[in-house]
Amino acid sequence: YAKHKVIWQEDKLFLDAIPEHVHCVCGTGIASVCSHESINWQKWSKKDALPETSGNYFLAEDVVLSEALELAGDVDVKICLNGHNIRADGPEGKSGDRIVGLKENAKFTITDCTAHVENGTYVAGQLSGGSLSALLLRSQSVNAVFTMYGGILTNNTAVTSGGAVCVQGTGSFVMYGGE
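Our numbering applies: residue 3 is where the sequence shown begins, and numbers increase by one.
Everything labelled a hint here was simulated from the structure, so no lab data went into it. This structure is a prediction, so every number in the text was calculated from the model and none was measured. Yeah, the Cβ is synthetic: ideal placement off N, Cα and C, and Gly gets one too. Any given hint could be a false lead.
Claimed, not checked - Derived DEER-like restraints, expressed as beta-carbon distance ranges: (1) 175 to 8: 38 to 46 Å; (2) 118 to 144: 12 to 20 Å; (3) 9 to 69: 26 to 34 Å.
What the hints assert, rightly or not - Below 25 Å or equal to it, Euclidean Cα-Cα: the simulated BS3-like pairs (lysine-lysine) are: (4) 105 to 48; (5) 48 to 14; (6) 48 to 109.
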């Protein structure tokens with residue numbers, strides 16, 4: 003059943019549908035904690051890909067990538083993990099080299115509205131399985147930005163540099179929350 007809210011306006015009563023997934027970018031949705039505006043998040047149901055076009059998306063289930071997402075320049079993708087995981091898994095069961103790569107001016111934001119602390123442990127959706135790093139900003143990633151408000155970067159490895167996040171050149175990694 004769809005959720006609805008009742009609106010009383012100019013002595014008239016209206017019934018208005020509430021979007022399926024609404025919260026601010028930091029995931030708290032608590033006005034006293036943050037100053038972000040609420041966002042209507044679009045459902046993402048694909049199990050083997052992430053969105054490549056600008057927008058605000060929430061995961062409906064776990065995603066397993068056989069290839070890294072390469073975000074083109076000037077694309078701004080925000081993903082709420084919604085308690086789900088994104089895992090790199092290359093051919094023949096080997097880990098992929100990364101989960102996301104950003105090109106010039108691309109923006110990629112991760113949050114998780116379900117994140118919470120349980121018995122002293124941070125619980126949230128995870129980004130894992132990258133063997134070069136979970137997220138790679140290379141020299142061609144001029145002005146690219148990866149912003150993290152929630153979620154867990156885990157089980158990502160690198161031989162020379164990176165691991166969770168590898169920033170080369172003039173890209174930026176900004177972490178407000180998560181681990």
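Right, here's what the structure says about each hint:
1. Between residue 175 and residue 8, the C-beta spacing of about 43 Å keeps the proposed range 38 to 46 Å intact.
2. Checking the proposed 12 to 20 Å range against residue 118 and residue 144 shows it is violated: the Cβ atoms sit about 36 Å from each other.
3. Separation of residue 9 from residue 69 is about 45 Å and departs from the stated range, judged on CB atoms against 26 to 34 Å.
4. Between residue 105 and residue 48 the CA atoms are separated by roughly 23 Å; this keeps the pair inside 25 Å, and the hint holds.
5. In summary, the hint linking residue 48 to residue 14 is not supported, as the alpha carbons are separated by about 41 Å, beyond the 25 Å threshold.
6. Our distance criterion of 25 Å between C-alpha atoms is met by residue 48 and residue 109, whose separation comes to about 21 Å.
Hints 2, 3, 5 from the earlier list are contradicted by this structure; the remaining hints agree with it.
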